[in-house]
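Protein chains in written order, with my numbering: chain A, 1 to 292; chain B, 1 to 473.
Think of the hints as simulated: they come from the structure by calculation, not from any bench.
Where a beta carbon is used, it is the ideal one built from N, C-alpha and C, also for glycine.
Check each hint, because a few of them may be wrong.
Here are the simulated BS3-like pairs of lysine-lysine, each with C-alpha atoms no more than 30 Å apart in a straight line [what the hints assert, rightly or not]:
no.: 1; chain 1: A; residue 1: K263; chain 2: B; residue 2: K438
no.: 2; chain 1: B; residue 1: K26; chain 2: A; residue 2: K263
no.: 3; chain 1: A; residue 1: K216; chain 2: B; residue 2: K7
no.: 4; chain 1: A; residue 1: K263; chain 2: B; residue 2: K7
no.: 5; chain 1: A; residue 1: K216; chain 2: B; residue 2: K26
no.: 6; chain 1: B; residue 1: K26; chain 2: A; residue 2: K234
Residues of chain B placed beyond 10 Å of chain A at every Cβ, according to the derived structure [unchecked claim]:
no.: 7; residue: F23
no.: 8; residue: H45
no.: 9; residue: I115
no.: 10; residue: G410
no.: 11; residue: L470
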Amino acid sequence: MEKDLNKTNQVEISESQAQAGCASCPAHNAANLQKLGVDMENWDFVVALAGNPNTGKSTVFNALTGLHQHTGNWPGKTVTRAEGGFDYGENRYKLVDLPGTYSLLATSLDEEIARDFILFGQPDVTVVVVDAARLERNLNLVLQVLEITNRVVICLNLVDEAERHNISVDDRRLARDLGVPVVPTIARYDEGLEELLAAISEVASGKTQATPYHVKYTHPKLDQAVSKLVSQIKEAFPQVPNTRWVALRLLDGDERIIQAVEKGDLGELTYTVENLDGLGVDTVALKSGFRQ
Amino acid sequence: MNSSYEKIIKSARDLRWDIGGDFHEKIMESLYTDASRIADRAVTHPGDTPRFDLDRTIDRLVTSRIWGFPLMVLLLTAVFWLTISGANVPSGLLYSLLIDTVHPFLKSIFATLGIPWWIDGVLLDGAYLATAWVVAVMLPPMAIFFPLFTLLEDFGYLPRVAFNLDHIFRKAGAHGKQALSMTMGFGCNAAGVISTRIIDSPRERLIAIITNNFALCNGRWPTQILIATIFIGALAPAHLSGLISALAVVSIALLGVLLTFVVSWALSRTVLKGEVSTFNLELPPYRPPRILQTLYTSVIDRTLVVLWRAVIFALPAGVVLWVSANLLINGVSIAEYLVNFLNPFGLLLGLNGVILVAYIVAIPANEIVIPTILMLTVMVSGVTGVGEGSGVMFELESGLQTLELLTRGGWTLLTGINLMLFSLVHNPCSTTIYTIYKETGSIKWTTVASLLPVVMGIVIVFFTAQIWRLFTG
Chain A
1 MEKDLNKTNQ
11 VEISESQAQA
21 GCASCPAHNA
31 ANLQKLGVDM
41 ENWDFVVALA
51 GNPNTGKSTV
61 FNALTGLHQH
71 TGNWPGKTVT
81 RAEGGFDYGE
91 NRYKLVDLPG
101 TYSLLATSLD
111 EEIARDFILF
121 GQPDVTVVVV
131 DAARLERNLN
141 LVLQVLEITN
151 RVVICLNLVD
161 EAERHNISVD
171 DRRLARDLGV
181 PVVPTIARYD
191 EGLEELLAAI
201 SEVASGKTQA
211 TPYHVKYTHP
221 KLDQAVSKLV
231 SQIKEAFPQV
241 PNTRWVALRL
251 LDGDERIIQA
261 VEKGDLGELT
271 YTVENLDGLG
281 VDTVALKSGF
291 RQ
Chain B
1 MNSSYEKIIK
11 SARDLRWDIG
21 GDFHEKIMES
31 LYTDASRIAD
41 RAVTHPGDTP
51 RFDLDRTIDR
61 LVTSRIWGFP
71 LMVLLLTAVF
81 WLTISGANVP
91 SGLLYSLLID
101 TVHPFLKSIF
111 ATLGIPWWID
121 GVLLDGAYLA
131 TAWVVAVMLP
141 PMAIFFPLFT
151 LLEDFGYLPR
161 VAFNLDHIFR
171 KAGAHGKQAL
181 SMTMGFGCNA
191 AGVISTRIID
201 SPRERLIAII
211 TNNFALCNGR
221 WPTQILIATI
231 FIGALAPAHL
241 SGLISALAVV
251 SIALLGVLLT
261 FVVSWALSRT
271 VLKGEVSTFN
281 LELPPYRPPR
291 ILQTLYTSVI
301 DRTLVVLWRA
311 VIFALPAGVV
321 LWVSANLLIN
331 GVSIAEYLVN
341 FLNPFGLLLG
351 LNGVILVAYI
361 VAIPANEIVI
371 PTILMLTVMV
381 SGVTGVGEGS
391 GVMFELESGL
401 QTLELLTRGG
411 WTLLTGINLM
421 LFSLVHNPCS
431 TTIYTIYKET
441 GSIKWTTVAS
451 LLPVVMGIVI
461 VFFTAQIWRL
471 FTG
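Take the sequences, apply the hints, and build the full model.
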């Protein structure tokens, strides 16, 4: 009888030990994902969802926030930013679903909204959703995002569709080459989202320090030109992040960036997340679109 | 201008010159080279591609020059036929529950409590009946139409529609992506106007915004379906009437598409001249739709949201109608004054005063046009024995009864056809007008987008009426 009791005690102890161990493991936290819908007060981190059109950004957004942002199988469906929140581990996150864009050299209004947010909204983490079946084309955007920020997680989505087309992607090799975390997912069926959350929280909290790949520009004189411009921009606009990228855009003759520098409102493009609420960005971008 | 800003621009210009003209190409080249190298290392293609590529086979069919268009019309007809024939039974059930059972029950409670007749009238015969009518008539078709449409969207059919229509839009001097914003407009014009943001050129975007109203929205589908059922379906043998009604509705929708082309063409030749811009349209892979999720989201997010909007507008409209039908000046109600005043103009257009008053009442929401018309018809034509008395929005038990009532109110086949035409071509609803203003930021273009369709609608029904009368004597 006594023996039996001891046995039960032992079992209990080991169970609680196991629980203590679990609490520190990311897989345990993932099970504790709380979808907060539009309730996103007092967030600790802002996460942006970027990616080429029709790679499933809104599907990832819905899966994490529990919202029902309209999804549809056609490129260009999301034209405004949608925002929602979720709770993961000990932190609250605000998630921003951006319109799809092929590049950050924006031409249309929806692309501009996406670009302005990644560039000037300064999200804590930028998740680039990538179509595994069309990796090469999607990487063009990834490489451009890596120019701007190193707090990036790649969500390698639609791996089931790639498999149907007999394409398999080595996510570890990709992660090594890009220098940022890569998480394979099938967002439509909620697969891989726990790992994605873990990666997001590690980048947000600074546990993962990324050393992102930078495109090798083989052009002579370029480095010299960029560094000269960077120091001038830093002097005139001390609050602007990503000066290297701005310098490259100026050298490339990007009209919008040139205009912003001329008018001196390059600094004002540095939106704080607070004043991004509502239609702020949309109307600003829109009016400039019609002015042109 | 700040001198340090100028300095930056100037040194950027100098450096650009110094680097040489192929700078942009070099940057893009480096980007593409690196992307392709990294992708090559990560991607493996084991084995060869499958011999039969289902996606490509479907694409060849639905975007073929010969079959693309007929298949589109066929799909659209099938969707409406399912909607029309499927919505009848649940509509009838909802009607008998909300109006035959609950309404008398509430009336008897009010009577027992001794509540004054006018409070009873405003609340039960005005607000409650208007709302109940809108729910009974709109909920079933929407609950069938939206899931079907969303399934097509989820499957990946919409970009193929855009692909098929692209060359027509380009010939009309508009942007090919307008096909997508137009398709969104079939759901809701306000949503369609917002979706024009995918068009980058302001000129082509304005064309898309102004013409979006010609995409028949879900506030107008029920009107089209009902009038088609009672005026056109009734002419056909019983077993074909559902199909014929569906075809009539599809014709109106296609006429809307045609008007979109014509107006886009006219605008791009006159006030909005300019080059057509080119774009890449990516045809996404077909994806098996997730049936249950689609049902859930389209019922909860689309159907209930649209229904809620209709209810919000029907409630006060019911009150206004009841009051205007019961407030008498010299023994004649306000509503009757208005109807009689507009009647000569209405008849000239092949419509009547009742329809014009209904459209004024329904500016906030097109959904309540039909109930308003029926109520006013009863009042003006003095038909007795139907409905609950003056100022009550009611539903009739069958299409035939509605037909009888409308015929006694002086309606002909021409009135029915012209009502369908005018319902397609008139001013956008207030929500859409507000959205147009927000998107363009211009009062001028908002006015153009609001007034152009009304004027066109009046011209179209006027000429239809004249030609009709010429041939039928």
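Against the structure, the hints:
no.: 1; hint: A:K263 <-> B:K438; in the structure: holds, 25 Å
no.: 2; hint: B:K26 <-> A:K263; in the structure: holds, 29 Å
no.: 3; hint: A:K216 <-> B:K7; in the structure: holds, 28 Å
no.: 4; hint: A:K263 <-> B:K7; in the structure: holds, 13 Å
no.: 5; hint: A:K216 <-> B:K26; in the structure: holds, 11 Å
no.: 6; hint: B:K26 <-> A:K234; in the structure: holds, 26 Å
no.: 7; hint: F23; in the structure: violated, 6 Å
no.: 8; hint: H45; in the structure: violated, 6 Å
no.: 9; hint: I115; in the structure: holds, 40 Å
no.: 10; hint: G410; in the structure: holds, 44 Å
no.: 11; hint: L470; in the structure: holds, 46 Å
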